[in-house]
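4 protein chains.
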Amino acid sequence: MPKIKVGIVGGTGYTGAELLRILALHPHVTLTTITSRGEAGLPVAELFPHLRGRIDLQFTVPNDETLTNCDVVFFATPNGTAMRSAPQLLNHGVRVIDLAADFRLKDPAVWAHWYGMEHACPNVLAEAVYGLPELNRESIRQARLIANPGCYPTAVTLGFLPLLEAQVIDSSWLIADAKSGASGAGRKAETGLLMAEIGESFKAYAVNGHRHAPEIAQTLGQLGSGAVNLTFVPHLLPMIRGIEATLYARLTDDNCDLERLFAERYATETFVDFMPNGHPDTRSVRGSNMCRVAVTRQGASNVVIVQSVIDNLVKGAAGQAVQNMNLMFGLNETLGLDALALLP
Amino acid sequence: MPKIKVGIVGGTGYTGAELLRILALHPHVTLTTITSRGEAGLPVAELFPHLRGRIDLQFTVPNDETLTNCDVVFFATPNGTAMRSAPQLLNHGVRVIDLAADFRLKDPAVWAHWYGMEHACPNVLAEAVYGLPELNRESIRQARLIANPGCYPTAVTLGFLPLLEAQVIDSSWLIADAKSGASGAGRKAETGLLMAEIGESFKAYAVNGHRHAPEIAQTLGQLGSGAVNLTFVPHLLPMIRGIEATLYARLTDDNCDLERLFAERYATETFVDFMPNGHPDTRSVRGSNMCRVAVTRQGASNVVIVQSVIDNLVKGAAGQAVQNMNLMFGLNETLGLDALALLP
Amino acid sequence: MPKIKVGIVGGTGYTGAELLRILALHPHVTLTTITSRGEAGLPVAELFPHLRGRIDLQFTVPNDETLTNCDVVFFATPNGTAMRSAPQLLNHGVRVIDLAADFRLKDPAVWAHWYGMEHACPNVLAEAVYGLPELNRESIRQARLIANPGCYPTAVTLGFLPLLEAQVIDSSWLIADAKSGASGAGRKAETGLLMAEIGESFKAYAVNGHRHAPEIAQTLGQLGSGAVNLTFVPHLLPMIRGIEATLYARLTDDNCDLERLFAERYATETFVDFMPNGHPDTRSVRGSNMCRVAVTRQGASNVVIVQSVIDNLVKGAAGQAVQNMNLMFGLNETLGLDALALLP
Amino acid sequence: MPKIKVGIVGGTGYTGAELLRILALHPHVTLTTITSRGEAGLPVAELFPHLRGRIDLQFTVPNDETLTNCDVVFFATPNGTAMRSAPQLLNHGVRVIDLAADFRLKDPAVWAHWYGMEHACPNVLAEAVYGLPELNRESIRQARLIANPGCYPTAVTLGFLPLLEAQVIDSSWLIADAKSGASGAGRKAETGLLMAEIGESFKAYAVNGHRHAPEIAQTLGQLGSGAVNLTFVPHLLPMIRGIEATLYARLTDDNCDLERLFAERYATETFVDFMPNGHPDTRSVRGSNMCRVAVTRQGASNVVIVQSVIDNLVKGAAGQAVQNMNLMFGLNETLGLDALALLP
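Residue numbers (the working numbering), protein chains in the order written: chain A, 1 to 344; chain B, 1 to 344; chain C, 1 to 344; chain D, 1 to 344.
No lab work stands behind these hints: they were computed from the structure. Fair warning: this is a prediction, and the values are worked out from it, not measured in the lab. One should not assume that every hint holds.
As the list claims (entries may be wrong) - To be clear about the criterion: a stretch of chain B counts as covered by chain D if any three or more of its residues have a C-beta under 8 Å from a C-beta of chain D, and this derived list gives those stretches: (1) 196 to 210; (2) 235 to 246.
As the list claims (entries may be wrong) - Now the in silico label distances, taken between C-beta atoms and shown as ranges: (3) Gly38/D x Asp170/C: 47 to 53 Å; (4) Glu65/D x Gln167/A: 53 to 59 Å; (5) Gly226/A x Lys188/D: 50 to 56 Å.
A virtual CB, placed ideally from N, CA and C, is assigned to each residue, including glycine.
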């Protein structure tokens, strides 16, 4: 089988670097181009020394011809970039996986509200598939354009999914208290992201509303329990990688066997590990494409609590993107994604 | 005014060390004895080098005579210790401040359930005052025996307090998602507390039920809105000091001016800082006795979100204990507690 | 005694914030102005929430009149700023303490080489006193202009000082392997200082030569052993506050009693704590103005190893600056500097 | 080719866990037994959740029969354990790789001095090969018994090696200032290893002499420059994985082309990456078997400075052990070791 020719647009951020780390070991991939306007000419391995000897490319200015020769192009760019280039690439038969938010919200008006700009290609948006394999595997296999889910949405959705599909919780008030490591904010030169600002401290942010809330609510609303009211609060952790989401809901079915529900729903999912009696910690998924979930009914109450952990850069971004690519190209879904978490 | 003669039982843990750090600079205190069975004979400053030159005492075996000569004795001991010594000290006219949990729960049966032993002095328990000055200031002034609040309960209670006193939220489901630094687990040689286990990771724990839940519920139930149903989930942060609690409730009074409510309730409280529009971070209280709170109504929903941060070793333990001592001895409540947070 | 009117130029960095934290509690100081061109109009406590309720000033544009009305002005500015304003302030009788490097190197040509610009006032430079109280206490009392030592130079110099004064080591090769927390790099929006870049990692930097090397060598050369050859390598620690320097030299006097030498040299120094048999850790000085040192002769070799720790923002910057101010104004040297280290 | 049957004695520590993480993905290995007296009966994946679904074994009590059926046994045990079992295993034709120190020092008397016990099998000690492939590759291929190098010795030796082999430095005084993450101390329930003790702090330790010093000196003394005088000081970093060693020596050959020397020496070494002009950071090797080195001549001095970084659990322990196993069994040296570093 010929190797898949892969291009990456926007390779200087953390999701770009993580794509490189994963794809460098993928047996069926040839990296053909990595673009960066700001760093054009710089060897990739000079910016990211962990890739020395494994990635010999230089960053290049994005170039139509180079990209249209790819089989698939990953966009690891700021929001609003992929939607300007995707239509042309699709026209050339190139498949597109956007790791940013351009194709995640189905309603262009909602997208414009949260992202502060008009959507550049609403018609293409309509065909985009939301790339959560545990939910949309068959559509992903057929897709030309993937909206790779956000990091928080991946962790929260996989936690609520079995409960909402089984219609055993009250969807009129779902709470997601989510916490992310600093890499989730990207590789940006901002004072607020400095070691001396984030280290040894913890806080909530965006309590008034975060862009990932409508994305999560959109997916949760498709799971069989109808529209949901979601309260979502993100927090910033004094560490680099990892998201933990603690989810709260009220059971409507008092007899529901929660452990069995989760165990059965995820029995065949390679990248979701249901932990009975567990307290999943983020390090147990660090560097891996795994999502680990646990579910608890606290005491005699009707409150169900779900814990869900992922590595925000892997299952929450680059790893899931590669999982989607594998599906799109008919490969084993786990290719390139067999790394175990780095613990300790 | 003669100085207050202070004894500390159990000086080798973090709350003991923090009492020493604070009391060493207190203008009206003389430290007369610091006990530790395990470290008797060891100079305090050898275990805690930051106290070199400031604390010249050695740890001693607890001794009735030495302790009964104190004006006040702080217990920075494991649960179940203070309740065995407090009655005798009180009989000798010594005031007692217990930083452990022995006198926090009013019902001895509930206490026995959560702490796994019978209460040693239920009659004395009845007179103990719960040492949250913002709630019980006048009782504290008269008290002989203080149950110093737990760290999580301090952060959570100060967050919900204005809402429950004003009876503007639905107390049938309150959620407290709380996160603590590692010092909250104490200075214990346990594998689970190692740097290599906790660093760069995050998890929930005690999701099935934590001892601080009944303590919080007991206090919240006294605030005017009646008994509460509380869902409490603690989490472990990869850092040393600090608690953040994110609290969720549903408003029952749609017209409530939340900012005004909090601002007025805490207007005269030195150690509670209401931050309009803020996202309090734990570093803004690190090493200080301050609790900072913020309140938000998310979007158009009826959900109110409170953020509350404290330093678990100061306002959550030793600082609040000294605040209580100041009140008990008719001193300015802030004596010894004027340190600003260490930021960055 | 009337309070000292203090101005701070450049209050938005970490050394500025630390000056504010210390001076807010200083009994003989009135803060009259804090300048920042970039943040003029912003309340100081909005940028630094730990100062809420304690510092009511706003940042202002630097203003000649306001500054010349001060008794002393601290410069917490980038290199090259103080040297442009100091002469005028001195002419108005205002004392100046520069926390940057403008007045540290005696030779303007050397300064120009390392700092990449001509010195703006070589004549004023000549009268500047290097503000290391343990070395220059009497000159500091008389000084109008203080060059506050760099953070690395403070730690390294206090470590080598007893050995060079006693002329017991071979000054033809001194090695200082120094490590600093991230706050030493300042509050700058640079990618290299992000949590996700610095956390959980360690490296040397500026191995080819660091600006602090000539500063250290200049001071060491004045200590009685003649000119020194110094190898200095700084490293970046995955933490916020603290410098540790491990120093290596060869003993020339085989009979030297190292412990006695250090103990006697620092016997009367409040802010240098010699620890016999110790391994000083940086947390034992976190937030305090203390320098802790230990000295070891390894095995039977003639190699002497000194460990020296400080908080880079306190004894390495703002605390030492206040210590200098106290000396210049005839106050007790320790005023405002009695905080114990925050441990844990 | 039949798979190699591998046993691990002492699987509950960090080096044991790391062996499992690496070997689980090794294409030519079958894990047959993992022993632990303390945790016998416990599924491995319960202690180490990152191995869930990948390692199905339980810990067992060490058992002669099970171990003698292995092709190779790794000892990830405390010092003094492997030397009691190795002779018997060797007699049964089982190859042995000891990750502890039992076979590292050639002189049993020196070993007894540093490790506080008599050596149990000095005759077997004589045939042990020091498993640093970059130095002893051919001997390793033939070895029955490997002394896997210590973590500090690996980093320090690979840094000094080109200089000593080329005889271009003065070996009468070599200095190694080394820093390690907390995982280097192992998974032991000790107060001194707690997050709240190590986090946000830094210190030297064992300044009087560390067990790795004689091991390093023994190897350096074999490199062609004769016996060396080594000053070695280890430090503890507030992070989990990684060692950085900064090495100092004086050049004796003023014309030596340092960059060329290092580049040529390591040109064919897969796991040593010489970085011209670089400042290697530990994160660039986190989770990988790579050692990255840089060399600098500071200014016009004759001082040469080498920086060397490894992951203490991989190239400093389990990864190097697998590299040795590959060599012993005639496999490609890099099998199972192709993971790139996890950055950020």
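Here's how the hints hold up against the structure:
1. Counting residues of the stretch 196 to 210 of chain B whose CB lies closer than 8 Å to any CB of chain D gives 5, so the stated coverage by that chain holds, three being the minimum.
2. Residue count for the stretch 235 to 246 of chain B with a Cβ under 8 Å from a Cβ of chain D: 3. That meets the three needed, and the coverage hint holds.
3. Taking the beta carbon of each, Gly38/D and Asp170/C are about 51 Å apart, inside 47 to 53 Å as hinted.
4. Checking the proposed 53 to 59 Å range against Glu65/D and Gln167/A shows it holds: the Cβ atoms sit about 55 Å from each other.
5. Against the hinted window of 50 to 56 Å, the Cβ-Cβ separation of Gly226/A and Lys188/D comes to about 53 Å, which satisfies the hint.
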